Structure formats: structure tokens, C-alpha cells
Amino acid sequence: MIKFLIKGILRDKTRSLLPIIVVSLGVFLTVFMTAWITGVFGDMIDLSARYTTGHVKIMTRSYAENKNQLPNDLALLEVEELLKTLNNEYAELEWVKRINFGGLLDVPDENGETRAQGPAAGKAIDMLSPDSKELERMNILKSIVKGRVPNKQGEAIISDNFAEKFNVNVGDELTVFGSTMYGSMMFKTFIVSGTISFGNAFLDRGAIIIDISDAQMALDMQDAASELLGYFKTGAYDDAKADTLKSTFNKKYSLIEDEFSPQMFKLRDQDGLAQYLDMADSMAGVMVFFWIIAMSIVLWNTGLLGGLRRYSEYGVRLALGEEKGHIFKTIIYEALIIGFLGSVLGTLIGLGASYYLQEVGLDFSSITKNVTMMLPQVYRAAITPQLFYIGFLPGLVAMTLGNALAGYAIYKRKTATLFKELEV
Amino acid sequence: MDIIKIENLVKNFPVGKGFFTALNDVNLNFGKGEFAGFVGPSGSGKTTLLNIIGSLDTPSEGRAIVMDKSVSELTHKQSAKLRNEHIGFIFQTYNLLPVYNVYENVEFSLLLQKMSGSERKKAVMQALEWVGLTDKIKSKPNMLSGGECQRVAIARSMVKKPQIVLADEPTANLDSKNSHHILQTMKKLNEELNVTFLFATHDEKVMKYLNRIVTLEDGKVLSDKQNNLKL
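So the sequences go chain by chain: A and B.
Each residue of the first sequence is one higher than the one before, counting from 1 in the working numbering.
Each residue of the second sequence is one higher than the one before, counting from 1001 in the working numbering.
Simulated from the structure, these hints should not be mistaken for laboratory data.
Treat each hint with caution, since some may be false.
[Unchecked claim] As a list, the in silico SDA-like pairs of lysine to any residue whose alpha-carbon atoms are at most 20 Å apart:
| hint | chain 1 | residue 1 | chain 2 | residue 2 |
| --- | --- | --- | --- | --- |
| 1 | B | Lys1161 | B | Met1115 |
| 2 | B | Lys1081 | A | Phe328 |
| 3 | A | Lys3 | B | Arg1120 |
| 4 | A | Lys7 | B | Arg1120 |
| 5 | A | Lys3 | B | Glu1119 |
| 6 | B | Lys1121 | B | Lys1140 |
| 7 | A | Lys329 | B | Lys1138 |
| 8 | B | Lys1138 | A | Gln216 |
| 9 | B | Lys1077 | A | Leu10 |
| 10 | A | Lys329 | B | Glu1119 |
| 11 | A | Lys7 | B | Lys1161 |
| 12 | A | Lys84 | A | Gln216 |
[Stated by the list, open to error] If you only want the chain A side, here are some residues facing chain B, beta carbon under 7 Å, derived:
| hint | residue |
| --- | --- |
| 13 | Met1 |
| 14 | Phe4 |
| 15 | Arg11 |
| 16 | Asp12 |
| 17 | Val170 |
| 18 | Glu173 |
| 19 | Asp238 |
| 20 | Asp281 |
| 21 | Gly285 |
| 22 | Met287 |
| 23 | Gly321 |
| 24 | Lys324 |
| 25 | Pro385 |
Note that the structure is predicted; figures quoted are calculated from it, not measured.
Cβ atoms here follow ideal geometry from the backbone N, Cα and C, with glycine treated the same way.
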């Protein structure tokens, strides 16, 4: 009997091909949309982690309270010792030190007099250590517009916008004015080794990036740093793990009575990201939920129409002596076969398209270049384990449910009434 | 020996708040090997009577006993079993399953009986031989003429070697030549296999082949007599 049913499914295109296409399409869209939403929110979180928050961040308690003012007088001290401890006790993370500083960029003319000045948003990262991943993490190599990244102390890269505006070229000198960690005046001259554009107004505005050793020297911050950032070596943010790390670290090292004691923050705790992440989660959940409901209704209808179209066949089968229950069972078997094939196909196509967008992404840099929010330039889909079932199950269930509903009419009707309705 | 006994049969259908009486106090008996028909105008109750005999419907009052089983006392499963084992149906519009070929259409009833493959093949080929369609086993219904489709339908109803074949207007969609061919085939099967054939018809061509004609009007048996016009 199963062989007989399969023959029917294969030969009757309106019974097989059309429902399979509809199921595949629904499942594909569900998988793809989920991957896309997950990927886009993931990219935004990842961007934030790479540039500012890390997966976890350590600052002094006072620095954390005033961090918008970049208060390097409240920076972490004895960071090498602290880094050694962190690398021992929290080895699942890669730890990096960073210094954020503000100031004024002064561009001299050929006589050494001020030609132009502008505010600076400085960031000091480890660019010169051979094993540092900071250049890659902050996407600096790919963001260089002119010149190159610094390869020795005393060099800096600056925002391409700033360079254009003040006619600064690669090889020119540039002086940074600011204040040291101890409040005295600081000025330090750098050679511009290159210009950079992250394609995002938030990151590009007045940016100057120097090596951390230069910053420590210039800002009188030997063995000090504004913050220590930790990144999970897996590359993915794990909120539960981060929470455990935060609790254990703060319990052990963070003292309420000591404003200079280190305090660990996880990604969610920073810059209002908790609300953003929760909203992202609920938005993604709500979108996927409504999408699945809509697709289920479409698939349900497909099943229902398929069932109704074959009413006269069911009438003949009743007359030939097939039991109503048996007809109902065969309807369900067929729906399961078609739903399974459609769901597998839709999931595979959805995963394929998501994989492509995960690897290649969609470049929105031309749209986001003037956006002052920190947004990624390239949005990518993300393949997660839930993609393997999020479309598959609704595809299978909706198709079966639709056919079951059509079959239910056959099952519940009196044979005589049904036989008349079946137009035999 | 009677294989169909209709006793004081009444069939009412609900219409609005009242009832429409399709069959009213019908009493009939049919023996094995009869070639009989119900004739009468539309709405006279011919098809309703066939449906009750075929266990697709139940009487409102009275009894219909088919193969020693009272139709109104059968469960759904028992009704299906009775149809599957003992009753064949032939419809006006053939109602072949369009995606299956001739062989598979005829084979379908036997699949429900869980017969072995070799037995099924033998039975199907024999049924197709009876109707002269062994050369068309791979053809789909849309490749056949109306007459050929109806012959496939006859083979489908006969393949399980039923005791009773119920034919509802079997020639209504056929031309004269095909109608005669079909009727001759059914007559031959009736005589050779001693199968009871019951027709619902108002086609005079069919009436000429019948041994017995039961005339119905407004749900009542107007006459029940041997056919004098028989060919």
C-alpha cells in the first residue's frame, strides 16, 4: 500500500511538487530569516565587543563610574601583574589592555607653527607585539585608506576624515595635546604612518590610534591602562560564562571600600547593552514567531486544498471497501512524506543561503558612513543549531495538520453523507 | 437463495425541519446470479436503494439484509469489509484514479485485501482479460476512450470476484455502440460467474438486457416483473 501511495505522490505533481515547493519555500524563509536576524544582532554585539566593551572588561571602580570622561587618573595600575593573574586564573579568555584618551590634535606648518587643530578621540592598543590580535580584532588592516599601520614607536594612524579636512599626509608630523595620568600637561609628536576609515562616523570622528607603549609613555601610564578587555577564545560571547567570571572575579578582587580596586563587567552590563540585547532577543523571537505562524497557515491551507481536491478519489476508495480510518491514515502518511521532503529541502536551501550570507555578508557601508551609532558595515547571517529545526518542525507539522483537518471531515462524516459530498 | 432481502424499508432525509421520504415501504428480494435493475425517473429512489444495498447508507426504518448481514447493524469497519469482499461498484463517470494506470486501478481493491503479489497479478490479469483490456495495462485513464474506461471500472469491480455488482447509470456517458459492448460484457460475467448485477438506470438500452425490472416512483415499488423486452 505504501508503494502504491508513493507512486501516486510521485506521479501527481499537484499532490507532490506544488506542496513540496510551498513547504520548502516556507521552511527556507523561516530558516533564512532566523539566520539573518540572529546574524545582524550578533554582528552589532560583536562590533561593540571588538571596539569598546570586550566580552568582559575590567576597570577600576571609579573609572567605571566616570568612564565617559576618560578619567585616566583613575586607571588601573600594576596591570602586568594583573594580566599575569588573569591569564592564569581565566585562561579561557584572551586579555588585552587599552588606553582611551582625549585631547587636541595639532597640525604644524613647515615652520612648526600651528596650521590646524581639532579634537582627538584617542585609542591606544597593542599594535607592535608580534602575537597581538588587536589589529585584526579592530579591523584596522582592512580599514587603512592610505599608508600603513605603525611598525615602530612614535607612529600613529589618524582618521582619514581628519587627514582630508586638515590636509595631513602620510609622513607628516602631528602633535597630541592632553593631560597625563597625574594631571600634568602632555604633548607628544607622532609621525602619521597611515589614515583610516572605519566607514562609521562614531568611530571615525577625530580618531587617532597609537601603540599602547607610546600612550603609556606619553600619558605617564607605565604599567597602567584604562581598561583590560577579555575575549573568549572561542570567539563567541557566552553570557552565562561571563556572568560566572564576573561574580568570581569581583568577589575575589573588587573591594567596595577601595575605589581603585578592579571591577569586572560583562558585555551585557555596559553601555545599555542589556536592554539592547533583551530587545534584540525579543524582537527576533517575536518576528520568528509571527513568521512561523504565517507560514503554518499557508502550509495548513496547502494541505487542506490538497485534501479537498482529492475528495472524489476518497469516495471511490470508500466504495471499493477502504475504511475511513485507513483513508485518514494514508492522508497523514502522505502529508508526512511530503512535509518531510519539503522541510528537508527548505532547510537545506535555507542553510545554504544563510551560509553564503554568513561568509560574504551584505555591505551597508555606503549607507552607514554618516551614522553616529556604532553599526557594522557588513551584515552577515549566522548559522546556529536552532536553524536545523526551526523551519523543519513547523513545515512538517503544518503540512500534516492541514491534511489531518481535511481528512478529519472524512473521518467524522457519516459514510452516506460523505459519499454524496464526494461527488462520486 | 436470496442474497439481498429488503424488508419494509423506509429512507428519510432531513429537509429543513421536516423529512423527505426517498424510499417508502420497499420490499424486495434478489437471488444469486440475478441481472436486475431499478428504473424510474430522477428522484424515484434508485440510487438511494443501491447505496443502502451497497452498505454506504442505512435504512431509516425496516431492514436491508445483504449477504446475511443487516446493513443497519454493521459498524463502519464491517461495512467496509462487506464492500471490499462482496460488493463491486460501477459509476456513471467511471471514477478511475487518474494517476494510476489500468493495471494499478484494477489492483487497488486487492491491495486492501492484503493479497500476495503473485495472486494479485493473476487476478488483475484475469479481470482485464474478461473485459478485453490486457493490451492496455500500462495506459493511464486519460489515454482511454469512455468505453474503455468503463471496462476498466468493470474489471475493478469484478477483480475481487464479488457476489454483487451495483451499477449506477453505467452507460449514461457512453455512445450506443460502447453501451452495448459494456452491457454484453457485464451480461457475460453474470452468466459465467453467477454474479448478481443490480442497475439503477433510465436508459432503455440497459433495460433490454435486464432479466428483471423493478420500477420505482416517489420511493415506492410501482412494479416488479420479469423483462419481456429482453434481447
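Quick rundown of the hints versus the structure:
A hinted pair counts as satisfied when its Cα atoms are at most 20 Å apart, and B:Lys1161 with B:Met1115 qualifies at roughly 13 Å. A threshold of 20 Å between alpha carbons decides the hint, and for B:Lys1081 with A:Phe328 the separation of about 17 Å falls inside it, so the pair holds. Taking the CA atoms of A:Lys3 and B:Arg1120, the gap is about 15 Å. The hint holds against a cut of 20 Å. Of the pairs offered as hints, the one joining A:Lys7 and B:Arg1120 holds, with about 17 Å between alpha carbons and a cut-off of 20 Å not exceeded.
Using a Cα cut-off of 20 Å, the hinted pair A:Lys3 and B:Glu1119 holds, with the two alpha carbons roughly 17 Å apart. For the suggested pair B:Lys1121 and B:Lys1140, the alpha carbons sit about 18 Å apart, so the restraint of at most 20 Å is met. Distance check on the hinted pair: A:Lys329 and B:Lys1138 sit about 28 Å apart at the alpha-carbon level, beyond 20 Å; violated. Our distance criterion of 20 Å between C-alpha atoms is broken by B:Lys1138 and A:Gln216, whose separation comes to about 89 Å.
Annotation: proposed proximity of B:Lys1077 to A:Leu10 is violated, straight-line Cα distance about 30 Å (limit 20 Å). Of the pairs offered as hints, the one joining A:Lys329 and B:Glu1119 is violated, with about 26 Å between alpha carbons and a cut-off of 20 Å exceeded. Using a Cα cut-off of 20 Å, the hinted pair A:Lys7 and B:Lys1161 is violated, with the two alpha carbons roughly 26 Å apart. Taken as a hint, the A:Lys84 and A:Gln216 pair is honoured in the structure, with Cα atoms around 18 Å apart against an allowance of 20 Å.
A distance limit of 7 Å between C-beta atoms decides the matter here; for A:Met1 the minimum to chain B is near 5 Å, and the interface restraint holds. With a cut of 7 Å, the hint placing A:Phe4 at the interface with chain B holds, because the nearest CB-to-CB distance is about 6 Å. With a least beta-carbon distance of about 4 Å to chain B, the hint placing A:Arg11 at the interface is held under the 7 Å criterion. Taken as an interface hint, A:Asp12 checks out: its beta carbon lies about 4 Å from the nearest beta carbon of chain B, inside 7 Å.
Interface restraint check for A:Val170: the shortest CB-CB distance to chain B comes to about 74 Å, outside 7 Å, so the restraint is violated. A hinted interface residue such as A:Glu173 counts as satisfied when its beta carbon comes closer than 7 Å to some beta carbon of chain B; here the least separation is about 84 Å, so the hint is violated. The closest approach between the C-beta of A:Asp238 and any C-beta of chain B is roughly 54 Å, which is over the 7 Å cut-off, so the hint fails. At a threshold of 7 Å, the smallest CB-CB gap from A:Asp281 to chain B is about 48 Å, leaving the interface hint violated.
Interface restraint check for A:Gly285: the shortest CB-CB distance to chain B comes to about 43 Å, outside 7 Å, so the restraint is violated. About 40 Å separates the beta-carbon of A:Met287 from the nearest beta-carbon of chain B, more than 7 Å, and the hint is not met. Annotation: A:Gly321 was flagged as interfacial toward chain B, and the flag holds, the nearest CB pair being 2 Å apart, inside 7 Å. The beta carbon of A:Lys324 comes within 6 Å of a beta carbon in chain B, closer than 7 Å, and the hint placing it at the interface holds.
This hint is violated: A:Pro385 has a C-beta 40 Å from the nearest C-beta of chain B, more than the 7 Å allowed.
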